[in-house]
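Participant: Each protein sequence line maps, in turn, to chains E and Z. 168 is the number that our numbering gives the last residue of the first sequence; the numbers go up by one with no jumps. 747 is the number that our numbering gives the last residue of the second sequence; the numbers go up by one with no jumps.
In short, the hints are calculated from the structure, not lab data. Keep in mind that this is a model prediction, so the values were computed, not measured. Note that CB positions come from ideal geometry on N, CA and C, so glycine has one too. Where hints are given, some of them may not hold.
Restraint-style ranges between C-beta atoms, simulated for each label pair [as the list claims (entries may be wrong)]:
hint, chain 1, residue 1, chain 2, residue 2, range
1, Z, L91, E, K126, 36 to 44 Å
2, E, R103, Z, N590, 39 to 47 Å
3, Z, P191, E, K90, 55 to 63 Å
The chain contents come next:
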Amino acid sequence: MAQITLEVDGRRRTAEAEPDEPLLYVLAGQLGLTGPKFGCGLAQCGSCSVLADGVEIRSCVTPAAAVQGKAITTLEGLPAWYAHERRLAKAPDMHPVQAAMIREQAAQCGYCYNGMIIKAAELLAKSPRPTETEIRTAMNGHICRCGTYPRIIKAIQQEAQAMAGEQA
Amino acid sequence: MSDTAFSLPRRDLLRGGALVVGFALAGPALAQAPGPRAGPPPATPDPAQVDTWLAIHKDNSATLYLGFVELGQGTTTALPQVAAEELDLDLDQFRVAPAETNVTPNQGGTYSSASIARGSPQVRAAAAEARLALLTLAAARLATPMDQLEVSRGVVFVKGDQGRRTVTYGELIGDRRFELKVSGKAPTKSPRAYRLVGSKAERRDLPAKIKGQHPYIQHERLDGMIHARVVRPRGQPAYGAGAKVISVDEGSIAAIPGARVLRRGDFLAVAAEREWDAVKAARQLKVVWDAVPTLPPQTELYDRMRADKTTDTIVLQRGDAAAALSGAAHSVSMTCRGPYQSHATFAPNCALADVRPDSALVICTSQDIYNLRRELGPILGLAEPKIRVQFRDASGTYGHSCYDDVAQAAAIASQLAGRPVRLQFMRSDELGWDTYGPAHLGDVRVAAGPDGKIIGYQYDGWHHNWSQVETSQQLAMGTAPTEWPTFASQTVATGTCGGQYAIPNLKLVNHHVPGQGYLRGAWLRSPLDLSFAFTSEQAIDQLAYKLGRDPYEFRRLNIADERWMGVLDAAAKEAGWTPRPAAARLADANVVTGRGIGLGTHLQSWGGAVAEIEVDKASGRVRIKHLYGAIDAGLVVNPGNVEAQIMGQLVQTASRMLMEEVTFDEHGVTSLDWRGYPVIGFQDCPEVTPVVVQRLDQPSSGAGEEVMAAAAGAIANAFFDATGRRLDQYPLTPDRVKAALASPALV
């Protein structure tokens, strides 16, 4: 067991972790975060997703020790990350895609939405106006057992249009 | 009884912000005297008492106590709508207490889509009784006859008085008990006067869930707890075969700090202070299991079911089906097979338990906490009133997944460890030790006269019943593996097997296969109905084809019930259905398209669906492009919730028809992760169009699973329209599709 230092949602955090201990166990266990969630432990479902330097990773299989020095963004820190990306003076209450998902009443049980939102935020940062095919391709590794995909796609599309409108 | 054993970890409860029902308030009796409850827990709350359901607080807010739990279906929004409607409160004035034995009423388990069907009359009656009592108090306080009073947001006004004389519910009763029976005689509102019921209301739990602030069971913690994992063979053998431990090498986990083995009989778990250590210990523990083949080879499953010593019952008999079938001008017979399918619960089940010598607290996701408490009594050797079971949200599970099994496992582990335990299943535990939706074999024969009227129908169905004993109990205690007695949901269904149509001669026969020697079974969303409709609706469709009739028109000709007609018409209209016989546009192209229609339900309500699909002949890949689904569930309290339910049902039906199948060999289940048990994802998800057929004047019935059968039938029929071939087994994997395409066309 070793002490590690992580940058999580803009804050330096220290934690104890074994060399092979996945980041998820540190985030959910030691740091008490409720965004990233355990779903499979196999990087197959996406419920544990976080951003590492803006890139979506599966925290259930990524050793915590391996992401020292990277900026980790969890769902909790996503509004601030978005504000930084968009050079906004103040972090909003939610990432706009979260607000769109509430408007669409997209979630049912909501358990997979951590990953859905993290992945959608990554997609919109890279590709502000994705087509439906691009959305389906980018999001495909994230499973929703409730079957709410149609509303997630709609929320992302709406948000992309709104963000494009802001820029115009 | 210590207080700690029964007090909720406040940190976790309050973290979410949205679900703030302090435990001090969580109980009608406690509304008077906030604070931890001392002494033995009370008996199960009496559903005949108004106080069991409702508390009105001094600030004019209200708490609703529900035994039904939130699984993502919106019950904790819709039932407060019903209470707020009767009380003339608004939805934002209501909170919902978390379900807990000893605090919330036992409304029966949260299954069979019963939350609104059974729950709304209960809540409506209690709320109406409370309103009558409050208005009686208000009439005295304001010295005005009751019929001169009106209420808005819990403020009682005198009509035409310009708000000079008012009193609030909170002033009248705030945090005191009603001490009143639900007589059932208090006047309820006319549906024509509804402000809230029958209208969409946004889910009140969604913002916290989408912000990641909602505490699911997986975030729950108990002071002083350790983490545990079960250790079982990878993939269950046959129900009743158990899993016999030959030897356990405790030294194999000696290098993991604090890791220990917890064993009772063949129940095996590992525990450690740190969660990751528990995960590793479960992987590393060396156990020799008695590996004997207990299951038939998967390829022989259906032959074995047919050959087994079944218990046969006639579910329904009308007229003389045999005579009508033998003498008919046009007839069709089909045999179809449906697979075992898993709940594939997205979040592996998890539970926490603090079992002490004289009491137990179990925090879990059981959809029937009262039944679980009854099961835990003999397992823990504690009298039922000493066991308190609390529900927490988790992911949806669509029927009886491992939630009771994991709760039993946590309780057994806590008793063995002498400490509070948090036990979570891993993905392979969840998929490998689920209680699956049983496999089904169906024979159907249906016949029509020259006028196109169906005159004879017979359905014979083979399947086993649901398993009654959880794996943890069976392993720990050697409890004999019993099955649920035969009842609706486990038998050939009158609603989906021909009951949609006016058929004078009809016979439904249930062949109950004994459950031991097969996989564990339980209810999976719309139990057996997908298989029933896959078989029966294909036969109805084929009969329409033989008669040269459009499948929609043929169904209309044979429907007598306006509610079946309503959902059929609603789905067809939404899909822009134009009449023509099926398979009239067969093409030589590699990628062909088809459309199909189907009707069906689960026990109650009415479902109709249309499917539009595409078949790639070379790859054998079926793509479902669009599903339209209509449900008539009587009075729909929150049409927004029901639209969401229809959407989810259509997507899940697409998943179950295209790719879901539990695989096994003679030793056990082999589909143990999302590759082995794939479910539909973004790439394959169809477009969906939900249609709610609102009937304000009819009693509410279920809406969480009643369009899946119709959609399953519609998908199969669309395949025929596209290819001229019928399917005899789902899911429609590329191999099965290619085999069907290689068979002679039926056209």
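Participant: Compare the structure with each hint and give your call.
Facilitator: Now for the hints, and whether the structure bears them out:
1. At roughly 39 Å, the beta carbons of L91 (chain Z) and K126 (chain E) sit within the given window of 36 to 44 Å.
2. The given range of 39 to 47 Å is respected by R103 (chain E) and N590 (chain Z), whose C-beta atoms sit roughly 41 Å from each other.
3. Separated by about 47 Å at the C-beta atoms, P191 (chain Z) and K90 (chain E) break the suggested range of 55 to 63 Å.
Going down the numbered hints, you'll see the structure goes against just number 3.
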